[in-house]
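Participant: Chain residues, written in single-letter form:
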Amino acid sequence: MADAARDPQQDDTGLLELEDGEDLFPEPGPGPALEESGPASLTTEDLSTNANGPKQASLFDDDPDDLFAEATEEVSLDSPDRDVLLSDGPSPAITPMTPPTSVITPRIGHAHDDMFTHSSFDEIEEEDGGDSFDIHISVSDPEKVGDGMNAYMAYKVTTKTSMSLFKLREFSVRRRFSDFLGLHSKLASKYLHIGYIVPPAPEKSIVGMTKVKVGKEDQSSNEFVEKRRSALERYLMRTVKHPILLKDPDVLQFLESSELPRAVSTQALSSAGLLRMVNKAADAVNKMTIKMNESDAWFEEKQQHFENLDVQLRKLHASVESLVLHRKELSMNMASFAKSAAMLGNSEDHTALSRALSQLAEVEEKIDQLQQDQANADFYFLSELLGDYVRLITAVKGVFDQRMKTWQKWQDSQMMLQKKREAEAKLQFNNKPDKLQQAKDEIKEEIEELEMKVQQGERDFEQISKTIRKEVGRFEKERVKDFKSTVIQYLETLLQTQQQMIKYWEAFLPEAKAIS
Amino acid sequence: PIRSVSVDLNNDASLLIDIPDALCERDKVKFTVHTKTTLSSFQKPEFSVPRQHEDFIWLHDTLVETEDYAGLIIPPAPPKPDFEGPREKMHKLGEGEATMTKEEYTKMKQELEAEYLAVFKKTVQVHEIFLQRLSSHPILNKDRNFQIFLEYDQDLSVRRKNAKEMFGGFFKNMVKSADEVLISGVKEVDDFFEQEKTFLLDYYSKIKDSTAKAEKMTRSHKNIADDYIRISATLNITMSFVSLQKVEGRVASDQELKLTELLRYYMRDIQAAKDLLYRRARALADYENSNKALDKARLKSKDIPQAEEHQQQCLQKFDKLSESGKKELTSFKGRRVVAFRKNLIEMAELEIKHAKVRSSIQLYYICFIMCTNELQYAWGICKILCEQI
Numbered sequence: 001m002a003d004a005a006r007d008p009q010q011d012d013t014g015l016l017e018l019e020d021g022e023d024l025f026p027e028p029g030p031g032p033a034l035e036e037s038g039p040a041s042l043t044t045e046d047l048s049t050n051a052n053g054p055k056q057a058s059l060f061d062d063d064p065d066d067l068f069a070e071a072t073e074e075v076s077l078d079s080p081d082r083d084v085l086l087s088d089g090p091s092p093a094i095t096p097m098t099p100p101t102s103v104i105t106p107r108i109g110h111a112h113d114d115m116f117t118h119s120s121f122d123e124i125e126e127e128d129g130g131d132s133f134d135i136h137i138s139v140s141d142p143e144k145v146g147d148g149m150n151a152y153m154a155y156k157v158t159t160k161t162s163m164s165l166f167k168l169r170e171f172s173v174r175r176r177f178s179d180f181l182g183l184h185s186k187l188a189s190k191y192l193h194i195g196y197i198v199p200p201a202p203e204k205s206i207v208g209m210t211k212v213k214v215g216k217e218d219q220s221s222n223e224f225v226e227k228r229r230s231a232l233e234r235y236l237m238r239t240v241k242h243p244i245l246l247k248d249p250d251v252l253q254f255l256e257s258s259e260l261p262r263a264v265s266t267q268a269l270s271s272a273g274l275l276r277m278v279n280k281a282a283d284a285v286n287k288m289t290i291k292m293n294e295s296d297a298w299f300e301e302k303q304q305h306f307e308n309l310d311v312q313l314r315k316l317h318a319s320v321e322s323l324v325l326h327r328k329e330l331s332m333n334m335a336s337f338a339k340s341a342a343m344l345g346n347s348e349d350h351t352a353l354s355r356a357l358s359q360l361a362e363v364e365e366k367i368d369q370l371q372q373d374q375a376n377a378d379f380y381f382l383s384e385l386l387g388d389y390v391r392l393i394t395a396v397k398g399v400f401d402q403r404m405k406t407w408q409k410w411q412d413s414q415m416m417l418q419k420k421r422e423a424e425a426k427l428q429f430n431n432k433p434d435k436l437q438q439a440k441d442e443i444k445e446e447i448e449e450l451e452m453k454v455q456q457g458e459r460d461f462e463q464i465s466k467t468i469r470k471e472v473g474r475f476e477k478e479r480v481k482d483f484k485s486t487v488i489q490y491l492e493t494l495l496q497t498q499q500q501m502i503k504y505w506e507a508f509l510p511e512a513k514a515i516s
Numbered sequence: 001p002i003r004s005v006s007v008d009l010n011n012d013a014s015l016l017i018d019i020p021d022a023l024c025e026r027d028k029v030k031f032t033v034h035t036k037t038t039l040s041s042f043q044k045p046e047f048s049v050p051r052q053h054e055d056f057i058w059l060h061d062t063l064v065e066t067e068d069y070a071g072l073i074i075p076p077a078p079p080k081p082d083f084e085g086p087r088e089k090m091h092k093l094g095e096g097e098a099t100m101t102k103e104e105y106t107k108m109k110q111e112l113e114a115e116y117l118a119v120f121k122k123t124v125q126v127h128e129i130f131l132q133r134l135s136s137h138p139i140l141n142k143d144r145n146f147q148i149f150l151e152y153d154q155d156l157s158v159r160r161k162n163a164k165e166m167f168g169g170f171f172k173n174m175v176k177s178a179d180e181v182l183i184s185g186v187k188e189v190d191d192f193f194e195q196e197k198t199f200l201l202d203y204y205s206k207i208k209d210s211t212a213k214a215e216k217m218t219r220s221h222k223n224i225a226d227d228y229i230r231i232s233a234t235l236n237i238t239m240s241f242v243s244l245q246k247v248e249g250r251v252a253s254d255q256e257l258k259l260t261e262l263l264r265y266y267m268r269d270i271q272a273a274k275d276l277l278y279r280r281a282r283a284l285a286d287y288e289n290s291n292k293a294l295d296k297a298r299l300k301s302k303d304i305p306q307a308e309e310h311q312q313q314c315l316q317k318f319d320k321l322s323e324s325g326k327k328e329l330t331s332f333k334g335r336r337v338v339a340f341r342k343n344l345i346e347m348a349e350l351e352i353k354h355a356k357v358r359s360s361i362q363l364y365y366i367c368f369i370m371c372t373n374e375l376q377y378a379w380g381i382c383k384i385l386c387e388q389i
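In order, the protein sequence lines correspond to chains A and B.
Take 1 as the starting number for the first sequence in the numbering used here and just add one per residue.
Take 1 as the starting number for the second sequence in the numbering used here and just add one per residue.
Possibly wrong hints are sitting among the right ones.
Unchecked claim - In silico lysine-lysine, DSS-like type, Cα no more than 25 Å apart, as pairs: (1) 197(B) - 513(A); (2) 102(B) - 30(B); (3) 190(A) - 241(A); (4) 328(A) - 89(B); (5) 339(A) - 80(B); (6) 326(B) - 142(B); (7) 315(A) - 89(B); (8) 513(A) - 258(B); (9) 80(B) - 197(B); (10) 409(A) - 397(A); (11) 453(A) - 440(A); (12) 513(A) - 333(B); (13) 356(B) - 513(A); (14) 80(B) - 328(A); (15) 420(A) - 435(A); (16) 142(B) - 315(A); (17) 366(A) - 327(B); (18) 503(A) - 342(B); (19) 258(B) - 339(A); (20) 466(A) - 426(A); (21) 353(B) - 366(A).
In case anyone wonders, no lab produced these hints; they're calculated from the structure.
Work out the full structure, taking the sequences as your base and the hints as a guide.
Facilitator: Right, here's the structure in full:
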């Protein structure tokens, strides 16, 4: 392997052409040679001279609708993580890294402290008040409170932070699901209409919760609780990652105060809930009838972009759900085969072969377990992430709709003003001179009010447009980060599965060879 | 290339048979059967003939029907070429073309074509093994019909029709379930056969079950591979030499398929061994009946010489079957153990190799995603890792 690094000229696959004396993978020792040679000698020009290069280089297209495009973080050559990455190789793919600590219940938004996180990825936001973003929230310890249909799950919400915004560095409270919904509802009513992308709360599930209430302690209700716990955690992390929302008093109260007034209006079948549904429907109708003259190409472009992203994500989500299902099926089939192979081994009268078949059965059973774990990873990493983003994109689209509504309001005011002015002009031809002055005064007042309204409307529209631009920029950066880190975590689970599989088969091989 | 589920069959230079190519026309597969021989019984030292699947079945059936071979394990007939699976999928793909991106469609089409090719290769292999089993059997390789099959340069369909008329598929149409009853019911006189009977009946049911479960596993793997194709198509991953699908791996095409093939082949082989036991059991029943008939004849003092002769014939036949059967079953066991060993080793080695490849590719992806600006580094890492394999 070191030989390969030293002889880049023997490049029969034509992948990469390096200059003479370039050592891409220095021996572990006094620092990587890369820092000295600098980036100049390994520019993309080298790749483009290579017939195979650019085609293969288009792994992630520069397609603006590509899930991984949009943000290109600069990773400095001196970054310590880079050194770790390069000088820790090149070892065989077998033992490259410490596997992630947990495969079964991975946590997104968890401070990812294995060697594959670039610290530079975190220092993106300009920080207000000089407080660097350092807050970590975990949702844990689901506990059933009460009995029967009035029962509910209470979760422990723990915040760890060094930010001056909070009174303590570490504290926890107990919250129930409707509290989370209440928080979202408040934030949405405060911030949505001025153009902030408020992360949506996890979805209600009447079926899922009923099972839990009724006290079914089976695997599916445990899975449901775990799925919800994880979703609530992701929801809170996304909310606090928003620099404005983080400072909102409702958010602070939610995280800090031990008692929270019960949010009644979030009940699924309450009158408030129904009212919300009706409003949503009305909004949908309105959206269709607003025909906005888009003067700003940026908005048109972005809206199209999010439309495409929406389609792409939904498709992906469906494929991943199918993957999870098939992997669970595989696991079942493997377990079933393992049992059958064990029986075959018992039936076999040749001793060594019988033993080998039993061993085969054991290997298949172990791999079945691996596949189950992998299915969980498929689900928690990919499927849930995609589901989150399908909902997030809906929130983003909602914000664009708010801008349209704001525009509409402004236009309506302008139209009203226009009408009043026309009415004012017509007044001149009113032939009741004593009433004329009074009418004139009235209309003048109305016109002044409307003029202010129009100005306000214009200001609002400009403000929301500005806010949305910023929000979209922040959202896209965050999205790429999120996807990158999640996909990496997912790939790590795949990698770990493979490593294990290698171990199992390598242990089996001598058993097969021992058959005589 | 790893070809046979059996041991190396084609290594006796006096008669070498292979199927170097085959043509697929709609439902029909035309195999080119190529023979190289030093035996004088053949007209030429080297020759090829075209054959259809039905010709193989004809050959198998005539061997089964031949009395002289009653004491032999007749190699199982190759199964009919079955392209139904990939064909149906291709049809569904065509129907769904409008709903998928060009990317996805192309990838899935490629995948299906590979599947089709795999089925094709498998059916060629299975037909080839059948012939090679015959050529390596000291008695069967001298069979006249076998020679005709190899040599006769005209269409065999006329002969096939005649054979059907002659036998009317008599033997095969007999109720197969009678096998089990007869084999279990007959009072066994020989320890060896008693053990074999118990073993084979039990083993057959177990291996049949394992084969079915292995097939299910293979299907699940295929489904997962298809999911990854869709996912990678949606993500626009357009790498030419590695795809996200390989991250999961085409396991179904190699390792598990090998295991499934092994199990399926030996399931059929054990059925053939059971058929031998059946024929012997029938011969034993005939012998016992002839004894009873002889006793009756002596009682009635009528037709005694005929009865005696009949009894002698039955005994001779039974003894011949027993002697031959013992040899066959013993070598069968040896053959089976060797084949399992070979295939299990190969399977484990493939699993390890492919897991290593997948590890490298996954590691590559991790590096790549992390360094999307720093393409050249990711390439370098990948290159080094791929050389590990």
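Participant: Need the status of pair residue 80(B), residue 197(B): alpha-carbon distance at most 25 Å?
Facilitator: Answer violated: residue 80(B) to residue 197(B) is near 29 Å, above 25 Å.
Participant: Starting from residue 80(B), check that the Cα of residue 328(A) is at most 25 Å away, please.
Facilitator: Violated, at roughly 32 Å.
Participant: Would the hint linking residue 513(A) and residue 258(B) be met if the CA-CA limit is 25 Å?
Facilitator: 17 Å, holds
Participant: Quickly compare the C-alpha distance for residue 328(A) and residue 89(B) to 25 Å and report which way the hint goes.
Facilitator: Judged against 25 Å, a Cα distance of about 22 Å means the pair holds.
Participant: Take the C-alpha atoms of residue 513(A) and residue 333(B), compute the straight-line distance between them, and say whether it is at most 25 Å.
Facilitator: Judged against 25 Å, a Cα distance of about 18 Å means the pair holds.
Participant: Do the alpha carbons of residue 356(B) and residue 513(A) lie within 25 Å of each other, as the hint requires?
Facilitator: 21 Å, holds
Participant: Is residue 366(A) close enough to residue 327(B), meaning Cα to Cα at most 25 Å?
Facilitator: 40 Å, violated
Participant: Given the hint that residue 339(A) pairs with residue 80(B), test it: the Cα-Cα distance must not exceed 25 Å.
Facilitator: Answer violated: residue 339(A) to residue 80(B) is near 30 Å, above 25 Å.
Participant: Need the status of pair residue 315(A), residue 89(B): alpha-carbon distance at most 25 Å?
Facilitator: The given pair, whose Cα atoms are some 20 Å apart, holds under the 25 Å limit.
Participant: Between the alpha carbons of residue 453(A) and residue 440(A), is the straight-line distance 25 Å or under?
Facilitator: The hint holds at about 20 Å.
Participant: CA of residue 326(B) to CA of residue 142(B), is that 25 Å or under?
Facilitator: 21 Å, holds
Participant: Run the distance test for residue 102(B) versus residue 30(B): straight-line Cα separation, threshold 25 Å.
Facilitator: Distance of about 34 Å is beyond 25 Å: violated.
Checked against the numbered hints listed earlier, the structure breaks hints 1, 2, 5, 9, 14, 16, 17 and 20; every other hint is satisfied.
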